[in-house]
Amino acid sequence: MPDFLLEIGCEEIPARMIDAASQELRQRVMALLSREHLSSGEVTQFDTPRRLSVMATGLSASQADVTEQITGPSVSVAYKNGQPTPAAQAFAKKAGVEVAQLEKVTTPKGEYLAARITKKGRSAAEILAEDLPKELAAIYWPKNMYWGKLNERFVRPVRWLVALLDDETIPLEFDGIRAGNSSRGHRILSAGGVTIPRAGSAYVDSLRAAKVLGRTEREHQIRKALDTATRTVPGARWREDKALLDTVVNLTEFPSAVLGGFDPQFLSLPEEVLVTVMRDHQKYFAVEDASGKLAPYFLAVLNTDSDPQGLIRHGNERVLRARFNDARFFWETDQKKSLLERLELLKHVTFQKDLGSYFDKTQRVQRLCSWLSEILKQNGITVRPGVIHKAACLSKTDLTTELVKEFTELQGIIGGLYARAQQLDPTLPEATRFAIADAIYDHYKPESTDDTVPRSLEGAVLSIGDKADTIAGMFALGLVPSGSKDPFALRRQANAIVKVIAEKKLPLRLGELMRDARAGYQGLEAEKKFVADAKFSESIATFFRERLEFYLKDVCGYAYDVVKAVLGADAEDVVDAMQRAEAVKQVLHMPEFQAIGAACKRIRNILRQAEEKGIAPAATFEYLPDSAHEEKNLRAYMERTGPRVEENRSKKEYFDALLLLSTAREHVDAFFDKVMVMVEDERLRANRLALLRTLLKEFSTIADFSEVVTEGKA
Amino acid sequence: MNPSSSNPLTFQELILRLQTFWAERGCVLQQPYDVEVGAGTMAPETFLRVLGSKPYKVAYVQPSRRPADGRYGENPNRLFKHMQFQVILKPPPENVQELYLESLGAIGIDLRHHDIKFEEDNWEAPTLSAWGVGWQVMLDGLEITQFTYFQQCGGVDLFPISAELTYGLERIAQFLQDVDSIYDIVWARDPESGSVVKYGDVRLADELQFSVYNFEEADVEKTWEHFRLYEAECKALLQQHAIPEEDQNPRPVSPKIGETRTGHPDQDKTRFPVLAAYDLCLKCSHLFNILDARGAISVTERVGVIARVRALAVGIAKAWVDQQKSEPAPLAKSDESEPVREKKSKKEKFAPVG
Numbered sequence: 001m002p003d004f005l006l007e008i009g010c011e012e013i014p015a016r017m018i019d020a021a022s023q024e025l026r027q028r029v030m031a032l033l034s035r036e037h038l039s040s041g042e043v044t045q046f047d048t049p050r051r052l053s054v055m056a057t058g059l060s061a062s063q064a065d066v067t068e069q070i071t072g073p074s075v076s077v078a079y080k081n082g083q084p085t086p087a088a089q090a091f092a093k094k095a096g097v098e099v100a101q102l103e104k105v106t107t108p109k110g111e112y113l114a115a116r117i118t119k120k121g122r123s124a125a126e127i128l129a130e131d132l133p134k135e136l137a138a139i140y141w142p143k144n145m146y147w148g149k150l151n152e153r154f155v156r157p158v159r160w161l162v163a164l165l166d167d168e169t170i171p172l173e174f175d176g177i178r179a180g181n182s183s184r185g186h187r188i189l190s191a192g193g194v195t196i197p198r199a200g201s202a203y204v205d206s207l208r209a210a211k212v213l214g215r216t217e218r219e220h221q222i223r224k225a226l227d228t229a230t231r232t233v234p235g236a237r238w239r240e241d242k243a244l245l246d247t248v249v250n251l252t253e254f255p256s257a258v259l260g261g262f263d264p265q266f267l268s269l270p271e272e273v274l275v276t277v278m279r280d281h282q283k284y285f286a287v288e289d290a291s292g293k294l295a296p297y298f299l300a301v302l303n304t305d306s307d308p309q310g311l312i313r314h315g316n317e318r319v320l321r322a323r324f325n326d327a328r329f330f331w332e333t334d335q336k337k338s339l340l341e342r343l344e345l346l347k348h349v350t351f352q353k354d355l356g357s358y359f360d361k362t363q364r365v366q367r368l369c370s371w372l373s374e375i376l377k378q379n380g381i382t383v384r385p386g387v388i389h390k391a392a393c394l395s396k397t398d399l400t401t402e403l404v405k406e407f408t409e410l411q412g413i414i415g416g417l418y419a420r421a422q423q424l425d426p427t428l429p430e431a432t433r434f435a436i437a438d439a440i441y442d443h444y445k446p447e448s449t450d451d452t453v454p455r456s457l458e459g460a461v462l463s464i465g466d467k468a469d470t471i472a473g474m475f476a477l478g479l480v481p482s483g484s485k486d487p488f489a490l491r492r493q494a495n496a497i498v499k500v501i502a503e504k505k506l507p508l509r510l511g512e513l514m515r516d517a518r519a520g521y522q523g524l525e526a527e528k529k530f531v532a533d534a535k536f537s538e539s540i541a542t543f544f545r546e547r548l549e550f551y552l553k554d555v556c557g558y559a560y561d562v563v564k565a566v567l568g569a570d571a572e573d574v575v576d577a578m579q580r581a582e583a584v585k586q587v588l589h590m591p592e593f594q595a596i597g598a599a600c601k602r603i604r605n606i607l608r609q610a611e612e613k614g615i616a617p618a619a620t621f622e623y624l625p626d627s628a629h630e631e632k633n634l635r636a637y638m639e640r641t642g643p644r645v646e647e648n649r650s651k652k653e654y655f656d657a658l659l660l661l662s663t664a665r666e667h668v669d670a671f672f673d674k675v676m677v678m679v680e681d682e683r684l685r686a687n688r689l690a691l692l693r694t695l696l697k698e699f700s701t702i703a704d705f706s707e708v709v710t711e712g713k714a
Numbered sequence: 001m002n003p004s005s006s007n008p009l010t011f012q013e014l015i016l017r018l019q020t021f022w023a024e025r026g027c028v029l030q031q032p033y034d035v036e037v038g039a040g041t042m043a044p045e046t047f048l049r050v051l052g053s054k055p056y057k058v059a060y061v062q063p064s065r066r067p068a069d070g071r072y073g074e075n076p077n078r079l080f081k082h083m084q085f086q087v088i089l090k091p092p093p094e095n096v097q098e099l100y101l102e103s104l105g106a107i108g109i110d111l112r113h114h115d116i117k118f119e120e121d122n123w124e125a126p127t128l129s130a131w132g133v134g135w136q137v138m139l140d141g142l143e144i145t146q147f148t149y150f151q152q153c154g155g156v157d158l159f160p161i162s163a164e165l166t167y168g169l170e171r172i173a174q175f176l177q178d179v180d181s182i183y184d185i186v187w188a189r190d191p192e193s194g195s196v197v198k199y200g201d202v203r204l205a206d207e208l209q210f211s212v213y214n215f216e217e218a219d220v221e222k223t224w225e226h227f228r229l230y231e232a233e234c235k236a237l238l239q240q241h242a243i244p245e246e247d248q249n250p251r252p253v254s255p256k257i258g259e260t261r262t263g264h265p266d267q268d269k270t271r272f273p274v275l276a277a278y279d280l281c282l283k284c285s286h287l288f289n290i291l292d293a294r295g296a297i298s299v300t301e302r303v304g305v306i307a308r309v310r311a312l313a314v315g316i317a318k319a320w321v322d323q324q325k326s327e328p329a330p331l332a333k334s335d336e337s338e339p340v341r342e343k344k345s346k347k348e349k350f351a352p353v354g
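For the protein sequence lines, the chains are G and Y, in the order given. Mapping the first sequence onto this note's numbering, position 573 (from 1) lands on 573, and the numbers just tick up by one. Mapping the second sequence onto this note's numbering, position 189 (from 1) lands on 189, and the numbers just tick up by one.
It is worth saying that the hints were derived from the structure and are not from the lab. The reader is advised that the hints may include incorrect statements.
Subject to a maximum C-alpha distance of 20 Å in a straight line, what follows is the list of computed EDC-like cross-link-like pairs (lysine to aspartate or glutamate) [claimed, not checked]: (1) G:K283 / Y:E120; (2) G:K283 / G:E406; (3) G:K651 / G:E582; (4) G:K143 / Y:E120; (5) G:K211 / Y:E98; (6) G:K405 / Y:D292; (7) G:K336 / Y:E74; (8) G:K564 / G:D576; (9) G:K283 / G:D263; (10) G:K242 / G:D227; (11) G:K353 / Y:E301; (12) G:K405 / Y:E124; (13) G:K585 / G:E653; (14) G:K347 / Y:D292; (15) G:K283 / G:E409; (16) G:K143 / Y:D121; (17) G:K283 / Y:E143; (18) G:K347 / Y:E301; (19) G:K529 / Y:E301; (20) G:K211 / Y:D110; (21) G:K293 / G:E272; (22) G:K143 / Y:E119; (23) G:K674 / G:E630; (24) G:K242 / Y:E119; (25) G:K336 / Y:E216; (26) Y:K81 / G:D326; (27) G:K143 / Y:D157; (28) G:K143 / Y:E124; (29) G:K697 / G:D656; (30) G:K405 / Y:D69; (31) G:K283 / Y:D121; (32) Y:K54 / Y:D157; (33) G:K353 / Y:D292; (34) G:K134 / G:E36; (35) G:K283 / Y:E119.
Footprint (simulated), chain Y over chain G, 3 or more residues, beta carbon under 8 Å [to be verified]: (36) 140 to 148; (37) 294 to 304.
Values in this document were obtained by computation on a predicted structure and should not be read as measured data. Cβ coordinates follow ideal geometry from the N, Cα and C atoms, glycine included.
Could you put together the complete structure from these sequences and hints?
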């Protein structure tokens, strides 16, 4: 039971791709082993920027032998006068056995000769040598390349391969490189190659000696180094940043960290700008003082063990100084033209080639935000018109600033900061100006499902208006996301709309919102490029329903059937859907609702079958002289509780409404126990169908309970 | 404090060392191209030489003009014209990364005392219909080199692949000399008197004057006209050389200017001034950059103008490849042209769909 090791030695693999590829390689190897019936112990992965490795313990040295029977000629052909004919001899020869060892088997077609042969299992080395190269070639990379020989395609050039079963090299070849036992250590800290004596723990040990650490160890070492370096500044802490940590872990083979400083004068620049330069451009961790304020220090993670002469720190400080100087230069230059003056410049910035400039977009978003404010006002929510109007007007002007051109990820934020720093209008009270600034600052939020929503109501409306305008325009152009293709990130933007509406509890219906957004394009030049309108509402509805489903399920954590049931009743009102989902979740485990779920399914089936047979329900239910006792009871119950349920429902007291509905169970059960719906008597039948139709309708106003997964029998 | 050695290289010594290093590794030392380019990649020694099947190794300094990046000489880190040291290795040797690191040693950077990282950075030039994958090489947090494996150029899939190393000379000199401003870089030091000439002494005036010209004085109408003239001439040349759709198809074509003289199209191909056509294309690219800096190109226009320059570049790349195939090769003329096609289709076969 040998140990197995495979290492693909590469030129530096992009940091963002390593984790997924390493995982995939391990899974591919596991699948290969199981497919080929080679058992193994633990299968683990090991990766650095320059290598992807898989290790397996206790591998079967070879497949088990398999015995099988093959049939040959019929007995009548194989023997003449009790003697084997050439046919029998040829078959025996082919099967590799003596004629005397041949057996006779009876098949439906008669008696035939058969031979029992044992297929030798192939050795693990043989299988791996043959199949591993195919697995390597199949690894998914977001971007592939050629580098030398024609059929080589990988994320970066492959330079060496190690493939071992214990200490034996597996004779595998990947694009002209033969596997051996020679690996490579750290580029700078380890001279020459590294010989891997055997698979198993010796591999990781050999690499450690050559200053190469695995992922977990590197992360640990980086955290420790950051802690140690930060401790030299009293009271300071480094800012945790998971994404940045993952990046630097995958940029290093043997990491350490240095603390550098910068001129405190730069702290007069907005923190957002300083942090973006450090994090996004230099991959530095920011440092804060005891009060949580940004301190004039940074932490750089190195791919080497130390910086004894301080040269590395010095170099990094110089680079950061240049970057900060640039940022300050941009900040000062940008102040020479106010955001108001920049509005005109937006005419020259394209939003989308068929949808016009950002100036056009600004006008649409301004209008849309007014409409949304009006809807909210009718529902008793006041959006300050002076704030939303101005914020929408200036929201995109920062796209013309030098700072945003340099740091595009700060769009919106820079606009907000400038709006705060500039006097937009001498008559504006400062509080209004700050509210405008905050709305602009927040209006790209939330950028992901983890991100927070805008702080103010105006920020929320602007965020929704901006995104709805984009989605409406793109859908109207027919640029609808499909599969993995979503170049304009419309799904993310729709998710953001849902999230903002949900968290701000806004009474906005998705369909109406998007109709309003679409109406913003009415009569504009862009409209000439639009595709047929009928498809618009339909595809928008499906699109947003999926987004809402995603939000309820993946963000709020509601069960799949709860979400289905709730959206089956209505998928337009986000806040309402959440309230109903919460109520449904609470009652769903009750036996009454399990029963009601089953009943709803049953009613739905009955109604469907009736419709298929062309049997129509009566217009309304009537108490007929021969109506069954149970059906009268059910009807009476509905008349009694219906208005109360409706009252609860209109007050959005869904839990109470559902509790009331749950009392229907005994009447429903009794009805189905005693009453036959599809009877011969047409009048009775139509009457009962009418009763069921009304019942289903009443049940389904909060959730479509036929979607509920029932525990018992339906 | 000087980070690397007690005696940092001057700007010109830096260039000399890199030239010597790469010359010793078999590179042709070319001289800077004498038509305005935005990057060393656009010099024909890269753009054209990476096309086709012939191995080639070349190194050269390329002053690279980017009108919009000008800052009137006021910004210590930005230039209208910066210097690149460009190396093309076609095909790249297996130890190309190690060679590159060795070259850093040759300019006085002891990597044992520094932090070097290869960080993903893919390169794309829409005007040239070219792209590649590779890294930005980071030295103590400073991007000092673009390292790219070219995949496509002028819309043509490349085989063999070329490795392109683009050293940012000013940045490296700033690093070596530990100066915050480009203009403080010591360009030359008189070995006898010890007096120095700085980058600012040599270049500050043209940074200022070209900023004035590119941002303020360039006559938009005339620049457009120049653009149109160069474009028209380039197009006219390409049309004369138009390659029939089915590349090698020997069907008789209506006589073109070249053919009327000899009637031997293949021989005439070598006379086709594709290099001159490329110069015209470079002119267009530079004029486009001036117009852009001048703010004379609206966003909607921009895409269209880029497409026009790209059309020229793509046409030239095709013509050049075609010309290479028919270039008289004394040994195996027919072998010379065929493998490229054969290999290309093989490559396509291996490429996954989509």
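Violated hints - listed by number, lowest first: Hints that this structure does not satisfy do not exist here, as all of them hold.
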